[in-house]
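J.: Residue-level listing of the chains:
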Amino acid sequence: MTTATSEAAPRQKLRDDDPDANLRMNPAKVAIGIIGMVVIVWALGNMFLAFGYYPEKFGSKIVIGVLAVIGGVGGAAALFYFLNMFVEGLPRRLSEGLIPYAFVLPGLALVTLMLIYPTFQTVNYSFANSDSTAYVGLQNYRTIFGESAFWTSIGNNVLWLLIVPAVVVGLGVVVAVLADKLSATGEKVAKSLIFLPMAISFVGASAIWGLIYAYNNPGQAQTGLLNAIVVGLGGQPQTWLAISTAKLNSILLMVILIWLQVGFGMVLLSSAIKGVPEDTIEAARIDGAGEFQIFWKVIVPQIRGTVITVFVTVFILVLKVFDIVYVTTNGSYGSDVIANLFFNKLFAASEAGQATAIVVVLLVAVIPLIWFQIKHFKDEEAG
Amino acid sequence: MARSLMKDGRPRSPFSIVTMVVLALLWTIPTVGLLVTSFRSRDDAATSGWWTALLNPFSQSWTTSNYEGVWNGQDFGAAFLNSIVIAIPATIIPIMFAAFAAYAFTFMNFPLKELFFLLIIAVMVVPIQVAFQPMLDFLGPNGLGISGQYMAVWLLHTGFGMPLCIYMLRNYMSTLPRTIIESAKIDGCSHYQTFWRLVAPMSMPAIAAFATLQFLWVWNDLLIAKLFLNSENVTVIVALQKLLGTQGQGQELLTAGAFISIIVPMIVFFSLQRFMVRGMTSGAVKG
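Taken in sequence, the protein lines are chains A and B. For the first sequence, my numbering assigns the number 1 to the initial residue and increments by one for each residue that follows. For the second sequence, my numbering assigns the number 1 to the initial residue and increments by one for each residue that follows.
Chain A on its own, in the form it takes in the complex:
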């Protein structure tokens, strides 16, 4: 701070003395800024293209990784440095108007390139053929809406959406409330253990739960925990993930996601519950309310906002659930979901038109959520 002050003070003074400062341009700064940006973009572009085209020239992947980190981070910093220098070199009035855009636009440009442009392009592709070379009108929509696989997937997605977010919120609240009643150490350990699966990938979790759902022929020792229990109780071993009766296989897959996500719900809900003022609970207790009544009538209304946040976040995640289904059943035995159907249309069947049409269906489904997000944000800003 002090060095900044002593360096900058004379400059500030100079500006005040100089009535033309607002209009004058600093050509050196502008020129260095432009040249600097061009050089950085050129150098970074070439470095990254070289990684792409001639990875063998760098010796090992570690070298590429280290260079990428330095290039990416240092490059971005240098880019902003020269951009800033360029804008500062412009006449002061112009410069002050432009600086915010110099800060915002690089990030916004990436978002535009990676998310906004593709959204429109995807809608566009959904009216085109399988390799996006000619328009076919509504043909893709007719095809997917005419396939029973699509409607099975929609049905399964609805089931996932009805069950998983609600169970995550419910279990999250139960765990948060009960953990709150444990000793400090007990609470910490219990919460860590339940939170831990959050770090595990969907693929890793599917491998873990594969050991639980594993099936061996009757008569052999059952190595899957679930079948071992069933056989131990005198039952027959089952190929769990192949049973579509009552959507059992889908529900067993949902268990994996619930196992992964309860920790997330618990963490948010727990901090909300701890934020409930003690005196509101105490007042209810004095009025003779039981623990159960206190929970429903005092605590729940005060954590409503967090409950909705957890619900919506898990809802968005479930809407696009893919990995778990893909690596376990890949949609067979009536367990397909929309994101897996999309992936197989795009990757296995190379039907870009139909795949993008499926994404458009997903997009339509998230429109209410976009509205919700914006409303939520505006409420928070206002409150």
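No lab work stands behind these hints, which were simulated from the structure alone. Hints are supplied without guarantee of correctness; some may be wrong.
Unchecked claim - Now the in silico label distances, taken between C-beta atoms and shown as ranges:
hint, chain 1, residue 1, chain 2, residue 2, range
1, B, P57, A, E381, 54 to 62 Å
2, A, E96, B, L118, 21 to 29 Å
3, A, G234, B, I29, 18 to 26 Å
4, A, A221, B, L5, 46 to 54 Å
5, A, G170, B, T246, 31 to 39 Å
6, A, P368, B, P141, 34 to 42 Å
7, B, V32, A, G170, 24 to 32 Å
To be verified - Pulled from the structure, derived: some chain A residues nowhere near chain B, Cβ distances all over 12 Å:
hint, residue
8, K191
9, A207
10, Q220
11, G234
12, W240
13, G265
Every residue gets a Cβ at the ideal spot worked out from N, C-alpha and C, and that includes glycine.
Given the coordinates of chain A, assemble chain B onto it according to the supplied hints.
T.: Okay, now just chain B, sitting in the frame of chain A:
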């Protein structure tokens, strides 16, 4: 009433203790099963459940051969390196861009600010699937020609992580005292200097929170890695997915592979849990 009290004076709740122990066990058993199985020989794992090994640890032949097999034979060593090379830049680069944007959204006023920020909030919810076909074209042989390389995946994760990162950092920065920023301005600091000397260091907790979440997302991602990386550059998650696809043989390698794939996120989790919790409580919606 002989209810025992805890050290802090609150009554002990036997119901909570029993329920939480049961839940904690239920949540831990699957992972323990994986860990135990990964150290068992192929024959042992095929003929008895992993829990028998845990009940009789000394009559077992424990082995690390599964790890050797999957690390060398299934190229998990190379995949592990790929995962690191992908995850670190894909975590740091978006923060650079997002931090500058968040600074402008918090401390500057400019036309279209509101619209830009609402756009950021809206795209947080847009499913990333919208990007795949257009980006396969854009990054593929007819476009930039980098699909299959690390760079394609860095770019995609940077773009997809950006809205959340801008949102989280802006929320945090708006809690910083404005007077400090204003006094820096009076001292003659440019915005660039104020950002580097004041705002970026003060925002470290939020940056660490986002970094933890983004690292886990990138490391654990299957979709982007599978679509945009060629076979030499695949991550451990893709390697594990391929191993899951091969039925029957290699069961014993699968468990070791799965454990290799989750060890790094677990270390990150245990060392940075604090930041992760903070990140989540400050909003972690990602499309």
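J.: According to the definition I'm using, a residue is off the interface if its beta carbon is farther than 12 Å from all beta carbons of the partner; does W240(A) meet that for chain B?
T.: holds (14 Å)
J.: Test the statement that G234(A) is away from the interface with chain B: the closest C-beta pair must be farther apart than 12 Å.
T.: holds (17 Å)
J.: Would you assess whether A207(A), listed as outside the interface, keeps its beta-carbon beyond 12 Å of every beta-carbon in chain B?
T.: At roughly 4 Å from the nearest Cβ of chain B, A207(A) sits no farther out than 12 Å, so the non-interface label is violated.
J.: So K191(A) supposedly isn't at the interface. Is its beta-carbon more than 12 Å from every beta-carbon in chain B?
T.: violated (9 Å)
J.: Could one say that the CB atoms of P57(B) and E381(A) fall in the range 54 to 62 Å?
T.: At 58 Å between Cβs, range holds.
J.: Return holds or violated for the Cβ distance of G170(A) and T246(B) against the range 31 to 39 Å.
T.: For G170(A) and T246(B) the Cβ distance comes to about 37 Å; the hint holds.
J.: Was G265(A) rightly flagged as not at the interface, with every chain B Cβ beyond 12 Å?
T.: violated (10 Å)
J.: Could you say whether the range 24 to 32 Å given as a hint is met by the Cβ separation of V32(B) and G170(A)?
T.: Since the Cβ atoms of V32(B) and G170(A) sit about 25 Å apart, the hinted range of 24 to 32 Å holds.
J.: Does the Cβ pair P368(A), P141(B) satisfy 34 to 42 Å?
T.: Since P368(A) and P141(B) have Cβ atoms about 38 Å apart, the given range 34 to 42 Å holds.
J.: Report holds if the minimum CB distance from Q220(A) to chain B is greater than 12 Å, and violated otherwise.
T.: violated (8 Å)
J.: Do the Cβ positions of G234(A) and I29(B) conform to the proposed distance bound of 18 to 26 Å?
T.: Once the Cβ atoms are compared, 22 Å apart, the range 18 to 26 Å for I29(B) and G234(A) holds.
J.: Do the Cβ positions of E96(A) and L118(B) conform to the proposed distance bound of 21 to 29 Å?
T.: Between E96(A) and L118(B), where Cβ atoms are some 24 Å apart, the hint holds.
Hint violations for this structure: numbers 8, 9, 10 and 13, all remaining hints satisfied.
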